[in-house]
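Taking the working numbering, the leading residue of the sequence shown gets 143, the next gets one more, and so forth.
Don't take each hint at face value.
As the list claims (entries may be wrong) - Straight-line distance between alpha carbons at most 30 Å, and here's what the computed DSBU-like set of lysine-lysine pairs gives:
(1) K216 x K200
(2) K200 x K188
(3) K216 x K196
(4) K188 x K151
No wet-lab data here; the hints were simulated from the structure.
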Amino acid sequence: MRSHNMVKKFPDNFISSARREDDGCITDSELVAMAWDDETSFDNIKAQSGLAEKEIIKIMRNHMQPSSFRMWRKRVSGRASKHAAKLF
143 MRSHNMVKKF PDNFISSARR EDDGCITDSE LVAMAWDDET SFDNIKAQSG
193 LAEKEIIKIM RNHMQPSSFR MWRKRVSGRA SKHAAKLF
């Protein structure tokens with residue numbers, strides 16, 4: 143059983159990255175991660191980023207290998223969890 147109180151131990155020579163200022167914009171990498179996640183609907187992504195499903199698909203196509211993009215499209219096409227309106 144997994145404990146929620148576990149502290150992640152980093153190696154002694156670990157160097158953390160510089161803290162990035164958040165300007166409130168969602169990066170393409172963050173959009174790809176949200177679109178890849180089956181739990182995040184296109185409607186939720188649009189609410190956060192203002193981008194429609196077609197625009198998200200275009201970003202996914204540009205940032206993924208062709209075979210990965212086809213696999214993702216096959217998985218999310220018609221999936222109710224990616225389309226909040228289809229859940230009801």
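Hint-by-hint comparison with the structure:
no.: 1; hint: K216 x K200; verdict: holds, 15 Å
no.: 2; hint: K200 x K188; verdict: holds, 14 Å
no.: 3; hint: K216 x K196; verdict: holds, 15 Å
no.: 4; hint: K188 x K151; verdict: violated, 36 Å
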